[in-house]
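Number of protein chains: 2
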Amino acid sequence: MRALAYFAKNKIQFSDEIPEPRIELDDEVLIDISYAGICGSDLHEYLDGPIFFPEDNAVEKISGKGLPQPMGHEMSGVVSKVGPAVTKVKVGDHVVVEATSTCQDIYRWPNSSFPKDEECGACKKGFYNCCGHLGFCGLGAYGGGFAEKVVTSERHVVKVPNDIPMDVAALVEPLSVAWHAVRISGLKPGQSALVLGAGPIGLATILALQGHKAGKIIVSEPAKARREQAALMGAETFNPFDHGKDAVDVLRKIAPDGEGFDFSYDCSGVKQTFDTSLHALTFNGVAVNIAVWGHKPIDYYPMDVTLQEKFVTGSMCYTIEDFKAVVKALHEGSIDISRAKRMITGRQKIEDGFEKGFMELINHKETNIKILLTPNNFNELSE
Amino acid sequence: MRALAYFAKNKIQFSDEIPEPRIELDDEVLIDISYAGICGSDLHEYLDGPIFFPEDNAVEKISGKGLPQPMGHEMSGVVSKVGPAVTKVKVGDHVVVEATSTCQDIYRWPNSSFPKDEECGACKKGFYNCCGHLGFCGLGAYGGGFAEKVVTSERHVVKVPNDIPMDVAALVEPLSVAWHAVRISGLKPGQSALVLGAGPIGLATILALQGHKAGKIIVSEPAKARREQAALMGAETFNPFDHGKDAVDVLRKIAPDGEGFDFSYDCSGVKQTFDTSLHALTFNGVAVNIAVWGHKPIDYYPMDVTLQEKFVTGSMCYTIEDFKAVVKALHEGSIDISRAKRMITGRQKIEDGFEKGFMELINHKETNIKILLTPNNFNELSE
Ligand SMILES: [Zn+2]
Ligand SMILES: [Zn+2]
Ligand SMILES: [Zn+2]
Ligand SMILES: [Zn+2]
Numbered sequence: 001m002r003a004l005a006y007f008a009k010n011k012i013q014f015s016d017e018i019p020e021p022r023i024e025l026d027d028e029v030l031i032d033i034s035y036a037g038i039c040g041s042d043l044h045e046y047l048d049g050p051i052f053f054p055e056d057n058a059v060e061k062i063s064g065k066g067l068p069q070p071m072g073h074e075m076s077g078v079v080s081k082v083g084p085a086v087t088k089v090k091v092g093d094h095v096v097v098e099a100t101s102t103c104q105d106i107y108r109w110p111n112s113s114f115p116k117d118e119e120c121g122a123c124k125k126g127f128y129n130c131c132g133h134l135g136f137c138g139l140g141a142y143g144g145g146f147a148e149k150v151v152t153s154e155r156h157v158v159k160v161p162n163d164i165p166m167d168v169a170a171l172v173e174p175l176s177v178a179w180h181a182v183r184i185s186g187l188k189p190g191q192s193a194l195v196l197g198a199g200p201i202g203l204a205t206i207l208a209l210q211g212h213k214a215g216k217i218i219v220s221e222p223a224k225a226r227r228e229q230a231a232l233m234g235a236e237t238f239n240p241f242d243h244g245k246d247a248v249d250v251l252r253k254i255a256p257d258g259e260g261f262d263f264s265y266d267c268s269g270v271k272q273t274f275d276t277s278l279h280a281l282t283f284n285g286v287a288v289n290i291a292v293w294g295h296k297p298i299d300y301y302p303m304d305v306t307l308q309e310k311f312v313t314g315s316m317c318y319t320i321e322d323f324k325a326v327v328k329a330l331h332e333g334s335i336d337i338s339r340a341k342r343m344i345t346g347r348q349k350i351e352d353g354f355e356k357g358f359m360e361l362i363n364h365k366e367t368n369i370k371i372l373l374t375p376n377n378f379n380e381l382s383e
Numbered sequence: 001m002r003a004l005a006y007f008a009k010n011k012i013q014f015s016d017e018i019p020e021p022r023i024e025l026d027d028e029v030l031i032d033i034s035y036a037g038i039c040g041s042d043l044h045e046y047l048d049g050p051i052f053f054p055e056d057n058a059v060e061k062i063s064g065k066g067l068p069q070p071m072g073h074e075m076s077g078v079v080s081k082v083g084p085a086v087t088k089v090k091v092g093d094h095v096v097v098e099a100t101s102t103c104q105d106i107y108r109w110p111n112s113s114f115p116k117d118e119e120c121g122a123c124k125k126g127f128y129n130c131c132g133h134l135g136f137c138g139l140g141a142y143g144g145g146f147a148e149k150v151v152t153s154e155r156h157v158v159k160v161p162n163d164i165p166m167d168v169a170a171l172v173e174p175l176s177v178a179w180h181a182v183r184i185s186g187l188k189p190g191q192s193a194l195v196l197g198a199g200p201i202g203l204a205t206i207l208a209l210q211g212h213k214a215g216k217i218i219v220s221e222p223a224k225a226r227r228e229q230a231a232l233m234g235a236e237t238f239n240p241f242d243h244g245k246d247a248v249d250v251l252r253k254i255a256p257d258g259e260g261f262d263f264s265y266d267c268s269g270v271k272q273t274f275d276t277s278l279h280a281l282t283f284n285g286v287a288v289n290i291a292v293w294g295h296k297p298i299d300y301y302p303m304d305v306t307l308q309e310k311f312v313t314g315s316m317c318y319t320i321e322d323f324k325a326v327v328k329a330l331h332e333g334s335i336d337i338s339r340a341k342r343m344i345t346g347r348q349k350i351e352d353g354f355e356k357g358f359m360e361l362i363n364h365k366e367t368n369i370k371i372l373l374t375p376n377n378f379n380e381l382s383e
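Line order of the protein sequences matches chains A and B.
All residue numbers in the first sequence are consecutive under UniProt numbering, ending with 383.
All residue numbers in the second sequence are consecutive under UniProt numbering, ending with 383.
Be aware that one or more of the hints could be misleading.
Derived coverage of chain B by chain A (criterion: at least 3 residues anywhere in the stretch with Cβ under 8 Å from a Cβ of chain A; other residues may be distant) [as the list claims (entries may be wrong)]:
id, segment
1, 282 to 290
2, 314 to 328
A few chain B residues that don't get close to chain A, going by computed Cβ distances all over 10 Å [claimed, not checked]:
id, residue
3, Glu228
4, Leu232
5, Phe241
6, Thr306
7, Gln308
8, Ile362
The set of hints was computed from the structure by calculation and includes no laboratory data.
Even glycine gets a Cβ: it sits at the ideal position worked out from N, Cα and C.
Based on the sequences and whatever the hints tell you, model everything.
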């Protein structure tokens, strides 16, 4: 079949000779892909990888699958075939794929080097989003959505009502990353939130906060183009560079009661945003890290948390519950579909995905948010 | 009256010429002191102070009171007189004093430099334990319990049933510090807890955990004498020095399901205990700082929290609710009175409080836990 695939370190190419995935187990589902978004981690695999993908000539640790493999873990599609044990979806259903691969998927992989009946501590306790062997569909565990077809088990599939367009459905995955962060933070309707960074995850966090009925939402972002995008999502924006050393004090004061925010979400992951995420909180506030950090320490002062009984935490990936909740929020309107659609800044054929997708995102980082690739919907493409 | 008072920097002395406090407002209560415990922060005032006390020839910021002042913020006593508006207690009642002094107490201080109708952000939001001007009875705000008498407002007084001995009642304050930490951490019955350090606060935390019906409680403490004290409180003990670099792994394995603890409480406040408090947790675990740290940074890796969705927080002081809960726990037996009594390793007259109290604690840190001073109960004294 046709697919944009990861072939080897720094080698991502379109090919029309990628083997078609087949239903091999009774609980599996074959999906004809409509759209799949390019994610920052896809770019990361290309520029700095392999990270999740196996090394050249190796296989992925849990699935035992080697290269090449179609990329793409943010996908929507239509069910075209189901295994005999499938009950949740039927042929013709619109679906999205929850892309994790964990200990709970080992049963699907005949070539796995892991024993079938062993689970890591996280999976044993039900936190499969924190699985010690976490992998992803489209990032090396098994073939992803920059392709004509994907096969996964029905436990990774969520049905999407037909009122949600298929391009917006491809955003359910990044929205689920943000939804999970807001969910585990415990934000209640009306509470205030500070979002640090208005890249794709920061923008998704605005929508997830709206889905959770947050009160005041302020996004701190130094880049003008990104602040404008955040404003289009319905958030108030703040340029920390306008205020220099006073930025945190100013932020605390523009919070609803002038004493800081109930929640902060660090979508940037640098020392300055960590510090702001903590210091711009009010008493009992919760600072949530969503960013991926390298293994470099930052300075931490325990009394910064203690004196005002703040909480510091981090959000890891998502679960199928987050996908269901995002689909529901889109369906019911608490996440506005037309706002979500503004995250899509490009649509390309999978054939052109490397040049007009990956390279476009790498070279025009600030004006792009999400570029979707499609194997089929050629009548909806960008110029 | 007779009192052990803070006179000036590094000058703590007994005197029988300290002015007796009087009821001056309608909501005030006069208390004849039974016992008052010496706290680590009292020693800290002597060795490194003034910290909470005013500088020599100055006055305390909120109360406007100068020196000398009786020390002692962990006290029990008997009500001997009440103002006309007092409704919560009557003459003869056994009571303990919640020792905070905050924005909410300014109305009591005619010499305060603060406007009567202004509250800090913390007090405004009800977190008076985090008050920006936090002071304490017995630490400079107003006269404390190393004295014959104390006057406070009834909002700082909790009645103690007569089945709780007055010496144990003097432990309600340090137990409330620990109770507050366990309460805000959200521990539910049966959940596991790691306590780091078995000094007075660590031991109080064991009792507070029992009061919250924690499951497995393990105390990590390098000093043998303190481990023995922790064992007498009913906790399992662990010597981190027996395991060198593997200490955290071993701790994780001896947690109930072999995957780390649900909660940790850092009662030591050094880099090693911070790291252990975080790494010995299971998924979604909560690390609570109870220790007081200086303003020196420690290394923090955001992914240490994020990958397993842990929480880091800190506990600040207590509120009157913690005092009520500790008194209830002692009364109902969920905190064992005879175990609590084991925290008392000495009793002395206030006359001898400096030599046989302060100096004894400074010179024999590991064998002592809590030394109580009393102005009256001379028939119950230590040798
Ligand atoms: Zn992604
Ligand atoms: Zn796992
Ligand atoms: Zn104390
Ligand atoms: Zn205050």
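Quick rundown of the hints versus the structure:
With 4 residues bearing a CB less than 8 Å from a CB of chain A, the segment 282 to 290 of chain B meets the requirement of three and the coverage assertion stands. Requiring three or more residues with a Cβ within less than 8 Å of a Cβ of chain A, the coverage given for the segment 314 to 328 of chain B holds, as 3 such residues are present. Every beta carbon of chain A lies more than 10 Å from that of B:Glu228, the smallest distance being close to 28 Å; the non-interface claim holds. With a least beta-carbon separation of about 29 Å from chain A, B:Leu232 lies farther than 10 Å from that chain, consistent with its non-interface assignment.
Here B:Phe241 stays apart from chain A, with its beta-carbon at least about 23 Å from theirs, past the 10 Å limit. At roughly 3 Å, the least C-beta separation between B:Thr306 and chain A is not larger than 10 Å, which violates its mark as non-interface. Separation of B:Gln308 from chain A is inadequate, the least Cβ-Cβ distance of about 5 Å not exceeding the 10 Å criterion. Chain A leaves B:Ile362 outside its interface by the beta-carbon criterion, the shortest separation being 24 Å against a cut-off of 10 Å.
Checked against the numbered hints given earlier, the structure breaks hints 6, 7 and satisfies all the rest.
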